[in-house]
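Throughout, the working numbering is defined as the position within the sequence shown, counted from one, plus 14.
Just so you know, these hints were derived from the structure itself, not from any lab.
Hints should not be assumed to be uniformly reliable.
Stated by the list, open to error - Here are the simulated SDA-like cross-link-like pairs (lysine to any residue), alpha carbons at most 20 angstroms apart as the crow flies: (1) K20 to A36; (2) K20 to A44; (3) K20 to A43; (4) K20 to S79; (5) K20 to A49; (6) K20 to S31; (7) K20 to S89; (8) K20 to I82; (9) K20 to E75; (10) K20 to N35; (11) K20 to A45; (12) K20 to V46; (13) K20 to G56; (14) K20 to Q80; (15) K20 to L92; (16) K20 to P32; (17) K20 to S39; (18) K20 to A48; (19) K20 to S53; (20) K20 to V42; (21) K20 to C55; (22) K20 to S85; (23) K20 to S50; (24) K20 to V34; (25) K20 to P30; (26) K20 to D58; (27) K20 to L41; (28) K20 to Q47; (29) K20 to P52; (30) K20 to Y77; (31) K20 to V63; (32) K20 to V33; (33) K20 to L51; (34) K20 to R81; (35) K20 to N100; (36) K20 to S84; (37) K20 to A86; (38) K20 to G40; (39) K20 to M76.
Everything numeric in this text was worked out from a predicted model, so none of it was measured.
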Amino acid sequence: MDTAIKTVMNLHEFAPSPVVNAAFSGLVAAAVQAASLPSWCGDDVQREVQRRCALSESEMEMYWSQRITSSAQPSQELERFWYIDNYRELVRREVGLLAGSGLFLNERSRAAMVGSGPLPLTAWCLWQQ
15 MDTAIKTVMN
25 LHEFAPSPVV
35 NAAFSGLVAA
45 AVQAASLPSW
55 CGDDVQREVQ
65 RRCALSESEM
75 EMYWSQRITS
85 SAQPSQELER
95 FWYIDNYREL
105 VRREVGLLAG
115 SGLFLNERSR
125 AAMVGSGPLP
135 LTAWCLWQQ
């Protein structure tokens, strides 16, 4: 976990690249396996790592939104997005939670999405369902 956090803390750019992708993949892998945070990783470090994760996610969404919208075949380009299946599964579960509470969505249903990044995949996946 030490190495993963230090690698992310040493990043100066956050747009998708082999270096950035490896840094955040390493952080995720370390976080999944870690039982606890290193002793030197106090609140300030945690907030900074979270800020860097948010920056990187925003950069990734900008990169993919530009890539998809500038493609001659945007639907096919969307299928290349690394996390598209995660979004679909998340929306499937959210719709299931609604159904479990007695609310069902159909073609005439309306939903408002509050907040979105440059790549509004939750709204897109909900529309596709």
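Against the structure, the hints come out as follows:
{"no.": "1", "hint": "K20 to A36", "result": "13 angstroms, holds"}
{"no.": "2", "hint": "K20 to A44", "result": "12 angstroms, holds"}
{"no.": "3", "hint": "K20 to A43", "result": "14 angstroms, holds"}
{"no.": "4", "hint": "K20 to S79", "result": "29 angstroms, violated"}
{"no.": "5", "hint": "K20 to A49", "result": "18 angstroms, holds"}
{"no.": "6", "hint": "K20 to S31", "result": "18 angstroms, holds"}
{"no.": "7", "hint": "K20 to S89", "result": "37 angstroms, violated"}
{"no.": "8", "hint": "K20 to I82", "result": "32 angstroms, violated"}
{"no.": "9", "hint": "K20 to E75", "result": "24 angstroms, violated"}
{"no.": "10", "hint": "K20 to N35", "result": "15 angstroms, holds"}
{"no.": "11", "hint": "K20 to A45", "result": "13 angstroms, holds"}
{"no.": "12", "hint": "K20 to V46", "result": "17 angstroms, holds"}
{"no.": "13", "hint": "K20 to G56", "result": "13 angstroms, holds"}
{"no.": "14", "hint": "K20 to Q80", "result": "30 angstroms, violated"}
{"no.": "15", "hint": "K20 to L92", "result": "32 angstroms, violated"}
{"no.": "16", "hint": "K20 to P32", "result": "17 angstroms, holds"}
{"no.": "17", "hint": "K20 to S39", "result": "13 angstroms, holds"}
{"no.": "18", "hint": "K20 to A48", "result": "15 angstroms, holds"}
{"no.": "19", "hint": "K20 to S53", "result": "13 angstroms, holds"}
{"no.": "20", "hint": "K20 to V42", "result": "13 angstroms, holds"}
{"no.": "21", "hint": "K20 to C55", "result": "10 angstroms, holds"}
{"no.": "22", "hint": "K20 to S85", "result": "36 angstroms, violated"}
{"no.": "23", "hint": "K20 to S50", "result": "16 angstroms, holds"}
{"no.": "24", "hint": "K20 to V34", "result": "13 angstroms, holds"}
{"no.": "25", "hint": "K20 to P30", "result": "18 angstroms, holds"}
{"no.": "26", "hint": "K20 to D58", "result": "14 angstroms, holds"}
{"no.": "27", "hint": "K20 to L41", "result": "9 angstroms, holds"}
{"no.": "28", "hint": "K20 to Q47", "result": "17 angstroms, holds"}
{"no.": "29", "hint": "K20 to P52", "result": "11 angstroms, holds"}
{"no.": "30", "hint": "K20 to Y77", "result": "25 angstroms, violated"}
{"no.": "31", "hint": "K20 to V63", "result": "9 angstroms, holds"}
{"no.": "32", "hint": "K20 to V33", "result": "13 angstroms, holds"}
{"no.": "33", "hint": "K20 to L51", "result": "12 angstroms, holds"}
{"no.": "34", "hint": "K20 to R81", "result": "30 angstroms, violated"}
{"no.": "35", "hint": "K20 to N100", "result": "27 angstroms, violated"}
{"no.": "36", "hint": "K20 to S84", "result": "35 angstroms, violated"}
{"no.": "37", "hint": "K20 to A86", "result": "40 angstroms, violated"}
{"no.": "38", "hint": "K20 to G40", "result": "11 angstroms, holds"}
{"no.": "39", "hint": "K20 to M76", "result": "25 angstroms, violated"}
Hint compliance for this structure: hints 4, 7, 8, 9, 14, 15, 22, 30, 34, 35, 36, 37 and 39 are broken, all remaining hints hold.
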